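From first to last, the protein sequence lines stand for chains A and B.
With the first letter of the first sequence counted as 1, position 257 gets the number 454 in this note's numbering; the numbers rise by one all the way through.
With the first letter of the second sequence counted as 1, position 4 gets the number 89 in this note's numbering; the numbers rise by one all the way through.
Mixed in with the good hints, there may be bad ones.
Claimed, not checked - A few chain A residues that don't get close to chain B, going by computed Cβ distances all over 10 Å:
{"hint": "1", "residue": "E460"}
{"hint": "2", "residue": "T502"}
{"hint": "3", "residue": "R600"}
What the hints assert, rightly or not - As a list, the in silico EDC-like pairs of lysine to aspartate or glutamate whose alpha-carbon atoms are at most 20 Å apart:
{"hint": "4", "chain 1": "B", "residue 1": "K134", "chain 2": "A", "residue 2": "D262"}
{"hint": "5", "chain 1": "A", "residue 1": "K331", "chain 2": "A", "residue 2": "D381"}
{"hint": "6", "chain 1": "A", "residue 1": "K291", "chain 2": "B", "residue 2": "D488"}
{"hint": "7", "chain 1": "A", "residue 1": "K503", "chain 2": "A", "residue 2": "E489"}
{"hint": "8", "chain 1": "A", "residue 1": "K208", "chain 2": "B", "residue 2": "D522"}
As the list claims (entries may be wrong) - Footprint (simulated), chain B over chain A, 3 or more residues, beta carbon under 8 Å:
{"hint": "9", "segment": "214 to 227"}
{"hint": "10", "segment": "263 to 275"}
{"hint": "11", "segment": "295 to 305"}
{"hint": "12", "segment": "356 to 362"}
It is worth saying that the hints were derived from the structure and are not from the lab.
Fair warning: this is a prediction, and the values are worked out from it, not measured in the lab.
The C-beta atom is built at its ideal place from N, Cα and C for all residues, glycine as well.
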Amino acid sequence: MELKKIFTTYKAEKITAIAFLVVIFGMLAGLFLTDHNIKEDFLKDYRTTILPGTPIIERIAGAIDSLELTIDSDTYKREDYIDFYGWVQKYLGKRVMVDIGYGELYKTKYGQITYAVPKQDVSEELESIYQLKKELDNYDIPLLYVQAPFKLTPEEQQLPENVKDYANENADRFLKGLDAAKIDYLDLRENYWSKGMTQNQLFFNTDHHWTINGAFQSYQEIVDTLNGEYGFRIDERYTDLNNFNQEVFQDYYLGSMGRRVGEPYAGIDDFTLITPKFETNYTVYERDYGAEKIFEGDFREAVLTKAYLAEGTPPETNRYAVYHGDNAELQFVNHKVQRSKILLIKDSFGLPIYSFLSTGVNEVTALDVRLFKDSVAEYAEKYDPDVVIILYNGDCFGDHMFRFKSR
Amino acid sequence: MLFTSLIFIVCYLPVVLILYYTVLRKHRKLQNFFLLIASLGFYAWGEPKFVFLLMLSISVNWIFGLAVARHRENTTWAKWIIFIMVAFNLSILYVFKYLMFTISNINRFWGTDFTVSKIILPIGISFFTFHAISYVIDIYRGKAEVQKNLFHVGLYIVFFPQLVAGPILRYSVIADQIMGRKETFEDFSQGVCRFLMGFGKKILLANNFALIADTAFSLHSTELSVSFAWLGAIAYTLQIYFDFSGYSDMAIGLGKMFGFHFPENFNYPYVSKSTSEFWRRWHISLGTWFRDYVYIPLGGSRVESSGRLFFNLFVVWSLTGLWHGASWTFLCWGLLYFVSISLEKVTNFEKLANGQVAVTIAKHVYTMLLVIFGWVLFRATTIAGAVSYLKTMLFLNGAQFLDGNTLVYLAENQLFLVLGILFSMPIAKAFSIWYEDKRSSGSPILTVAKMIVYPSTLLFLFFIAMSYIVKGSYNPFIYFNF
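Pulled out of the complex, with its shape left as it was, chain A reads as follows:
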C-alpha cells in the first residue's frame, strides 16, 4: 500500500531514480565481480609511479591517481561502453573523435580509423643515423634504411579537410637528409599504392599497421633491392606469393584503432595469414631482459605465435602479432638456407617483414631499440651481418626510435 502511494506521484522520476541506482550500484559491484583484480592493478600502478621515500602528501596524491586510473581501466562493461560510444558516433556521422592517447582519431574517406602525425624535427634522428653509419662503415657493414609507409597516402587528403598529417613530409625531410649523407635508402612509399591493391587492402581499417598482404608486397620489394644492390641471392620461390598459403579469416580482427572507438563505429577487419607452402625448419631465439626462449620447428611452429589466432579468442586479440612480435632481440635461424645474415632494426611494421625475410636467408636478427639497450653498432660488429636494415614507418620520428647507442 505504501509503495503504491509512493508511486502515485512523480512516477516517471521515481522509475528513473530506481534505474539510476541499479546502474551505479551494479557498476560498483561489477568492479569487484569481474576478472579484473582491482587491488592488484592498483598496487601495480602505485608501485611503478611512487618511489620509496616519497613524502606522504605526494604518496596520497599518487595513490589517488593510481586508484582513479585503475577504476577507469577496470570499469565494469568497459568494452561495451566503448562499443556504445562507437555506435553513437556512427549515428551522429562523426569523423573526428577525441582520444586520450592520440588527441584525436579520424575516420578517413575510405572508412579507416587513424590518427594524424604532427610535424617533427628530424635532425636528431638524422644525426643519430649518421653516427651509426659511420660506425658500421668502420666494420664494413652496409646500412640500408627502408622507409615503410604510414597509413595515409602522400597525395590524397583522406582526413577531414582541417586536419593535416605530416608523416609523409617528416619522412621526406628525413630521406632528404639521408640523401645528403649518401646513406642508402629504399622508399617503399613510392610503389606501395600503385601495385593494384586498394587502400583498404593495404592497411587494416581498424589498425594502424599495414595488412599482411601489404607487408608481403613490401617484402618482395626489399628482397629485390637486397638481390640487386647488396649481393644477396634470395631465390625467387621465396618471394612468389603462389608458394605461400593464404588463409583468410573473415571478420576476425579489431585493431588498436578500432579498439579505441568500438567495433560498431570502426567495423571489423578480415585477417589474412600468409605462411610458406614449402618446407621450413627453424630455430627462433627470443631474448628479453637477459632471458631467452627458444622455439623450434617449421614456420608455423617456430615463427608464428599462434596464441593470437587461437580458436575462441575475441577479435580484440592482437592478430597482427601472430608474426612474433615486440621483443628486444629476436633471432630466426633458418636451417633450410645456408647463406646470408640480416640485422634488422625495426618498429612494429617489421613483424611480418622479418618473418618473411627469414624464409630466404640463413639468419635474420631483429632488434627493437625501444627495448634493446645496448649499442647497435657493437652488436653488429659481433653479429657481422651482410647488411643492417633499419625499417621504420612514417610515424617513427620523435619517439626514441633512433637511440642506437648503449644506454
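With chain A fixed as given, assemble chain B onto it according to the hints.
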C-alpha cells in the same frame, strides 16, 4: 573529484548513498558528520594538502560565528569581529588567488623585481570563502541562529555538491536544513533526474562545445577565419552555459538526494533582453551574494548622487570580474558589465518601448552580442588576445571568411549546436507546462507515455554520457580560476 568522473559515479556516490541511507539513517548528527567527512574526502581527492586550509577556514569562521553571536548587542564589538572575519577570509583568498597577479603587475608597471614562488590556487576557494563570510554575516544580521556545532558549520561550508562550482549558498537558506531537513523518495527521485540532466548537459553538450571553442581560441590570429572565430565564440557561449548550469543542476540534484534544497542558479540567461536581466538570470547565487553583501551595504541604488551609484556599480562589477580569476581579462569583462548596466540604468533601457516586437528583437540581439563579446574577453588569456579575436570576428584582421575548420566543426557538431541553441531557451520548460496542462485534463496516454519516455530518455542520455566518460573523451574542468 569531479561529478563527471567514473570514480564519483561508480564508487563515491553509491558508497556515500548507501551508508547515509542505511547504517546512519536514524542519526541526523552522524549523517551530518559523515557528509562532512565525505565532503572533505571529496575535496582531498583532487587537493589533498588544501584540505587543511579548508579545515582552518571552517574552524576559524565557526569561532567568528560564536563571537559575533555573543557580541551582537554590542555594535562596536560586533563590527570589529566582522571586520576581522572579512579581513581573515579575504586575506586567504588574496594570498592564494591574487598575490601573484599583484606582484607581477607591480613588477610590470614599476619595473621592480619582486619574486614570489608559484602559488597553486585551491579549487573552489572563492566558493568556500564566500560561504564562510555569508555564515558570519548572516548571524550578525540576525538572519540565522549561530551554529554551535563545528561540524555543522563545516558541512555548510564544504558540503560536496556545491564545493567546487557552487551555487553559492547563503547560510540563512541552509541553516534550518542542516538538522531539520526531511529526506523523501520524491525529493530523492527529483534529485536524481536533476543530476542526470546536469550530467548530460555537461558531458554531451558543454564538452563538445569546448572542443570547438578551445580550438578556436588556441589558433593564432593568422590561422583564424571570421566564420570560425564566430563559431568558436558561440560555442564558448554555449559551453560555459551548459557547463556551469550543468554543474549547478548536478549540485542541486545531489543536494536533493540528501534532502537539501538549494536555490536555483540559472534561469535561461540567453533569453535576456538587457544585460541587467542577463545578470538576474546568470549565476544568480553570485549576483545576489554581491548584491546583499557588497552593493546594498555600499548604499545600493538608493543613493543621493548618480556619482555614488556609479561608484557602487563600479565596485560590484570590478569585484565580480575579479572573483572569476586574477587576470585583466576578468576585470575588463566585469567592467564591460559595469558600463552596460550603468548605461541601461541611465537610459531606463529595460522599460524602453516594451511590447514592440522589433524593439524586443533588437534588445535581445544587443544583449546577446554584448554577452558573446564578453565571453571572448572572458575566455581569452590576454587582453591583446581578446582584442585580436574580436577584430577577426568584426572583419578587422583581414582574415578569410570561411575555412576548413568551420566546415568540419559545423558538420561534426551540427546536432549538438542545434540542441544547444534550443535548450538554452525555455523549450523544455514550456513543454513541461504544456504536458502538465494536458495531463491534468485527464489524458491517461500522456501519463503512461511520460512513465516510459521520460526515464528511457534520461537513462539513454546517461548511458551515452557514461560512454563518453569511459572512452576518456574531452572533459575539461573550467573552474580552476574561480
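### Query
For the pair supplied as a hint, K208 (chain A) and D522 (chain B), is the alpha-carbon distance within the 20 Å limit?
Holds: K208 (chain A) and D522 (chain B) sit about 17 Å apart, inside 20 Å.
### Message
Beyond 10 Å on every Cβ pair: is that true for T502 (chain A) relative to chain B?
### Response
holds (29 Å)
### Task
Check whether three or more residues of the segment 295 to 305 of chain A sit with their beta carbon closer than 8 Å to a beta carbon of chain B.
The restraint on the segment 295 to 305 of chain A holds, since 3 of its residues have a Cβ under 8 Å from chain B and three suffice.
### Query
Are the Cα positions of K503 (chain A) and E489 (chain A) separated by 20 Å at most?
Holds, because 19 Å separates the two Cα atoms, which is no more than 20 Å.
### Task
Check whether three or more residues of the segment 356 to 362 of chain A sit with their beta carbon closer than 8 Å to a beta carbon of chain B.
holds (count 4)
### Query
Counting residues of the segment 214 to 227 of chain A whose CB is closer than 8 Å to a CB in chain B, do you get three or more?
holds (count 9)
### Query
Is R600 (chain A) truly not at the interface, in the sense that its beta carbon sits beyond 10 Å from all beta carbons of chain B?
It holds; R600 (chain A) is separated from chain B by about 29 Å at its closest Cβ, greater than 10 Å.
### Query
Residue count check for the segment 263 to 275 of chain A against chain B: does it reach three with CB-CB under 8 Å?
holds (count 7)
### Task
Test the statement that E460 (chain A) is away from the interface with chain B: the closest C-beta pair must be farther apart than 10 Å.
holds (13 Å)
### Task
Mind checking the alpha carbons of K134 (chain B) and D262 (chain A) for me, to see if they're no more than 20 Å apart?
Within the cut-off at roughly 15 Å; holds.
### Query
Given the proposed pairing of K291 (chain A) with D488 (chain B), does the C-alpha separation stay at or below 20 Å?
Between K291 (chain A) and D488 (chain B) the Cα gap is close to 19 Å, so the pair holds against 20 Å.
### Message
Against the 20 Å threshold, does the CA-CA distance of K331 (chain A) and D381 (chain A) hold or violate the hint?
### Response
holds (13 Å)
Checked against the numbered hints above, the structure violates none of them.
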